[in-house]
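Asks: Next come the chains, spelled out residue by residue.
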Amino acid sequence: MSILQVLDLGLAILVLAIAGWTIAARELFASVVGYVAYGLLLSIVWIRLHAPDVALTEAAIGSGVTGVLLVTTGARLRGAGGVETAAPPRLSQRLMAGALAVLVAAALAAVVLLLPEPAPTLAPEAREGLAATGLGNPVTAVLIAYRSFDTMLEKVVLVLAVVGVWSLAPDRCWAGAPAPLGRARPEGALLFLDQALVPLGILVGVHLFWVGADEPGGAFQAGAILAAMWMIVMISRLTEPPRVGARWLRLALIAGPAVFLATGLAGGGMAGGFFAYPAGFAKPIILFIEAFLVLSIAVTLPMLVAGPPRRSPQS
Amino acid sequence: MSASTLAGLVGAALVGLGLYGFIVSPQPLRKILAFNLIGNGAFLVFGIVARKGAAAGFPFDPVPQAMVITGIVVAFAASALAAALILRLQEETGNVLLDSDAPAKPPGDEAGAS
Numbered sequence: 001m002s003i004l005q006v007l008d009l010g011l012a013i014l015v016l017a018i019a020g021w022t023i024a025a026r027e028l029f030a031s032v033v034g035y036v037a038y039g040l041l042l043s044i045v046w047i048r049l050h051a052p053d054v055a056l057t058e059a060a061i062g063s064g065v066t067g068v069l070l071v072t073t074g075a076r077l078r079g080a081g082g083v084e085t086a087a088p089p090r091l092s093q094r095l096m097a098g099a100l101a102v103l104v105a106a107a108l109a110a111v112v113l114l115l116p117e118p119a120p121t122l123a124p125e126a127r128e129g130l131a132a133t134g135l136g137n138p139v140t141a142v143l144i145a146y147r148s149f150d151t152m153l154e155k156v157v158l159v160l161a162v163v164g165v166w167s168l169a170p171d172r173c174w175a176g177a178p179a180p181l182g183r184a185r186p187e188g189a190l191l192f193l194d195q196a197l198v199p200l201g202i203l204v205g206v207h208l209f210w211v212g213a214d215e216p217g218g219a220f221q222a223g224a225i226l227a228a229m230w231m232i233v234m235i236s237r238l239t240e241p242p243r244v245g246a247r248w249l250r251l252a253l254i255a256g257p258a259v260f261l262a263t264g265l266a267g268g269g270m271a272g273g274f275f276a277y278p279a280g281f282a283k284p285i286i287l288f289i290e291a292f293l294v295l296s297i298a299v300t301l302p303m304l305v306a307g308p309p310r311r312s313p314q315s
Numbered sequence: 001m002s003a004s005t006l007a008g009l010v011g012a013a014l015v016g017l018g019l020y021g022f023i024v025s026p027q028p029l030r031k032i033l034a035f036n037l038i039g040n041g042a043f044l045v046f047g048i049v050a051r052k053g054a055a056a057g058f059p060f061d062p063v064p065q066a067m068v069i070t071g072i073v074v075a076f077a078a079s080a081l082a083a084a085l086i087l088r089l090q091e092e093t094g095n096v097l098l099d100s101d102a103p104a105k106p107p108g109d110e111a112g113a114s
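Chains as they are written, first to last, in my numbering: chain F, 1 to 315; chain X, 1 to 114.
Hints were generated in silico from the structure; no laboratory data involved. In this text, a Cβ means the ideal position worked out from N, Cα and C, and glycines have one as well. One or more hints might be untrue.
[Claimed, not checked] Facing chain X, a subset of chain F residues (Cβ under 8 Å, in silico):
#1 I23
#2 L28
#3 A30
#4 G62
#5 V112
#6 L122
#7 L168
#8 E240
#9 V305
#10 G307
All chains, please: the whole structure from these sequences, using the hints.
Replies: Put into structure tokens, the structure is as follows:
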């Protein structure tokens with residue numbers, strides 16, 4: 001066994017052990033903290049799969065923003081006295097659930113081991129089309145050029161999720177602001193984090209957007225990092241979540257999918273196909289779309305974490 | 001065993017762990033967490049499909065990878081909606097445990113379980 005193999009095996013054991021801990025831990029908070037650590041380790045697994053774009057997304061959204069969501073929701077549940085410890089299920093139930101889980105996992109493992117060789121692949125097609133887009137990162141090209149319709153619809157899903165969360169607001173709070181993310185006045189450590197990390201994080205986010213055309217990165221990762229910076233500032237109570245009725249907020253939420261769709265429709269008239277980009281202009285158009293996507297993602301993720309409006313619009 | 005096969009097996013095990021937690025945990029926030037484990041496992045299994053599809057000078061097939069990125073974002077959106085629903089449920093009922101053996105539950109009502 002080479003060193004790398006030993007490290008791979010250790011990483012696999014560590015990921016599974018922490019995943020098991022998040023399931024087994026009695027305390028909700030311990031389980032959530034375990035989940036964040038697990039997500040960061042999982043992104044290293046993605047690096048080992050030669051998927052740096054996925055690793056960045058997993059670290060930023062799968063682990064980071066989801067972690068903030070779980071911590072915030074857990075704190076709100078506890079604040080309202082909702083975290084009760086229930087008696088664990090009966091042994092027979094647990095045995096049956098365990099047997100089912102082992103069966104499903106074994107079937108999936110068999111699929112992984114018996115994958116066809118050579119595997120079906122669309123990589124040659126992606127390589128062929130890459131030159132026409134002027135991009136260097138094939139994953140970005142797939143997301144914004146070849147399968148752009150999917151990506152546009154996924155942005156619509158994000159907007160729908162925001163609508164779903166907001167519609168859970170009581171009537172009197174409609175168009176008001178969500179509850180604050182942090183509870184207390186800012187502490188020294190959090191303020192230091194604001195001053196040291198946020199300016200740097202905004203730079204990193206813009207950088208990831210810009211290099212995403214040719215290197216690992218892109219609209220999703222950049223937007224998630226900018227969203228995280230806004231959430232840090234909100235958690236330390238230097239700024240509060242905005243009123244959901246604010247026009248700028250609503251415009252920012254739909255800017256990404258709207259510009260994406262408008263460009264796609266314009267392609268129908270000017271380039272001879274829905275979501276076709278005119279030859280030679282593909283890269284600037286893709287960067288133009290991505291800029292608005294970054295804005296929308298950076299605004300959508302914190303609003304999803306902040307939850308439904310909790311204060312009446314007048315206050 | 002190659003690194004990618006090992007990652008695929010980790011994915012399979014994560015689906016199993018998540019499924020178990022999803023069934024046995026009575027606390028809905030823990031169910032969301034377990035559901036995310038299932039999702040991560042499914043993405044990893046898809047990740048090894050992307051890795052095996054290496055061709056044309058790429059060390060991976062970019063199409064499944066792009067779909068996984070889309071999937072991670074959609075999974076977060078679903079988790080956020082579920083979390084908001086839990087908080088609303090707690091406001092309405094004062095209790096969020098989905099415990100099939102809870103004594104306070106009216107008899108014959110099985111809809112709250114699982």
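Asks: Under the constraints set out in the numbered hints, which ones does this structure not fulfil?
Replies: 3, 8
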